[in-house]
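For what it's worth, my numbering labels the leading residue of the sequence shown as 23, then goes sequentially.
Just so you know, these hints were derived from the structure itself, not from any lab. Quick caveat: nothing in here was measured; it's all calculated off a predicted structure. One or more hints might be untrue.
[What the hints assert, rightly or not] No farther apart than 27 Å at their CA atoms in a straight line, the calculated lysine-lysine pairs in the DSSO-like style are these:
| hint | residue 1 | residue 2 |
| --- | --- | --- |
| 1 | 170 | 307 |
| 2 | 200 | 279 |
| 3 | 170 | 82 |
[What the hints assert, rightly or not] Computed spacing ranges between beta-carbons, pair by pair:
| hint | residue 1 | residue 2 | range |
| --- | --- | --- | --- |
| 4 | 301 | 253 | 47 to 55 Å |
| 5 | 273 | 349 | 31 to 39 Å |
| 6 | 127 | 295 | 32 to 40 Å |
| 7 | 259 | 64 | 48 to 56 Å |
| 8 | 205 | 120 | 48 to 56 Å |
| 9 | 322 | 63 | 19 to 27 Å |
| 10 | 79 | 340 | 26 to 34 Å |
By construction, the Cβ of each residue, glycine as well, lies at the ideal position given by its N, Cα and C atoms.
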Amino acid sequence: MANRRSFLEKLGKGAAFSTLALSLPSPLFSQLKSRKKSVMKTKIIGIIGAENSHSRGFGKMFNLDKKFPGWEVKYIWGEKEEFAQLAKDEAGIPVIVKEPSEMMGKIDALIVDHRHGDLHLDAALPFVQAGIPTFIDKPFCYSSKAAKIFLEMAKEVGTPVTSYSSIAHSNATVDMRKQLAEMKEINQVTCYGKADINSIYGGFFFYGVHMVEPLIYLFDEKIVSARFNKNEKENLNSTASLIFENGRMATLVITSKKYGWQTFVETDEGVVELKSRVETVGPDKNYVDMVTMFSTGKEPRSHESIIHGIAILEALQKSIISGNWESVVA
Numbered sequence: 023m024a025n026r027r028s029f030l031e032k033l034g035k036g037a038a039f040s041t042l043a044l045s046l047p048s049p050l051f052s053q054l055k056s057r058k059k060s061v062m063k064t065k066i067i068g069i070i071g072a073e074n075s076h077s078r079g080f081g082k083m084f085n086l087d088k089k090f091p092g093w094e095v096k097y098i099w100g101e102k103e104e105f106a107q108l109a110k111d112e113a114g115i116p117v118i119v120k121e122p123s124e125m126m127g128k129i130d131a132l133i134v135d136h137r138h139g140d141l142h143l144d145a146a147l148p149f150v151q152a153g154i155p156t157f158i159d160k161p162f163c164y165s166s167k168a169a170k171i172f173l174e175m176a177k178e179v180g181t182p183v184t185s186y187s188s189i190a191h192s193n194a195t196v197d198m199r200k201q202l203a204e205m206k207e208i209n210q211v212t213c214y215g216k217a218d219i220n221s222i223y224g225g226f227f228f229y230g231v232h233m234v235e236p237l238i239y240l241f242d243e244k245i246v247s248a249r250f251n252k253n254e255k256e257n258l259n260s261t262a263s264l265i266f267e268n269g270r271m272a273t274l275v276i277t278s279k280k281y282g283w284q285t286f287v288e289t290d291e292g293v294v295e296l297k298s299r300v301e302t303v304g305p306d307k308n309y310v311d312m313v314t315m316f317s318t319g320k321e322p323r324s325h326e327s328i329i330h331g332i333a334i335l336e337a338l339q340k341s342i343i344s345g346n347w348e349s350v351v352a
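Please put together the full structure from these sequences, using the hints given.
Rendered as structure tokens:
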């Protein structure tokens, strides 16, 4: 991984990915449409990144539990050999590759699953250029500018790409959005969730994405400014404030004692907790939509939404340093 050219380094040197895309070969994704329907060939998935437990979860879901017949995770590359071996042993992933490039030409879809989101775009770049449908785990990256350039490149070459928080992209959140539509005017929102501004995996970006992205899914208005209110004592009880373009405020309360997320809204009837009324049976929406994209090329989330989510996290990360309100600019 150390000898891989950094996507962000190229970005810093002013590389124009929209220009680069014009010189790339025709997307390989179009070949999927030409396959004969009579040939029921197993579709192959590769995973880059094994440090995260998610990689083992993906392998178990596809290979052991067979939640999506016709799909198999066959290849995995790990940041360390022991990470990849654990995924192989616990999730039934048969092949460990020494370099991600060994998967090129052998897979029908890619999952990029580093714990540190700053590594995601480097890993995904050659495969997206080659036309391989790609799911990038949260957070997509740590720069809204890099996200925009990368997604513009993916659009030009015609490769479907998506990324999202599993908390946000869920049947539960879809139901809570329906509940909001039935309520009268909402004055403010309060979200409780786990995060750590000192995380070695990108500070607030790492778990903060699970607090920020549900707000994008629940409300149509964009968030325009953000401020982090830091408690210097052992990173306990910190909060963040977000302002929507219509003036509504959302408060994020960072919890430290228990893993989980809750959302409350203030209405004329008082403060109400949003709780899902639906019970998920089988794989949730995040998995179903990922596989649907792999199969059809239909992206389940707009590029604009992905970039906006990163821009909010970026503004909060700036505010942690400055202590000021920061504009959300994508």
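Outcome of the hint check:
no.: 1; hint: 170 / 307; result: holds (25 Å)
no.: 2; hint: 200 / 279; result: violated (30 Å)
no.: 3; hint: 170 / 82; result: violated (33 Å)
no.: 4; hint: 301 / 253: 47 to 55 Å; result: violated (37 Å)
no.: 5; hint: 273 / 349: 31 to 39 Å; result: violated (18 Å)
no.: 6; hint: 127 / 295: 32 to 40 Å; result: violated (50 Å)
no.: 7; hint: 259 / 64: 48 to 56 Å; result: holds (50 Å)
no.: 8; hint: 205 / 120: 48 to 56 Å; result: holds (54 Å)
no.: 9; hint: 322 / 63: 19 to 27 Å; result: holds (24 Å)
no.: 10; hint: 79 / 340: 26 to 34 Å; result: holds (32 Å)
This entry does not satisfy hints 2, 3, 4, 5, 6, going by the numbered hints stated previously.
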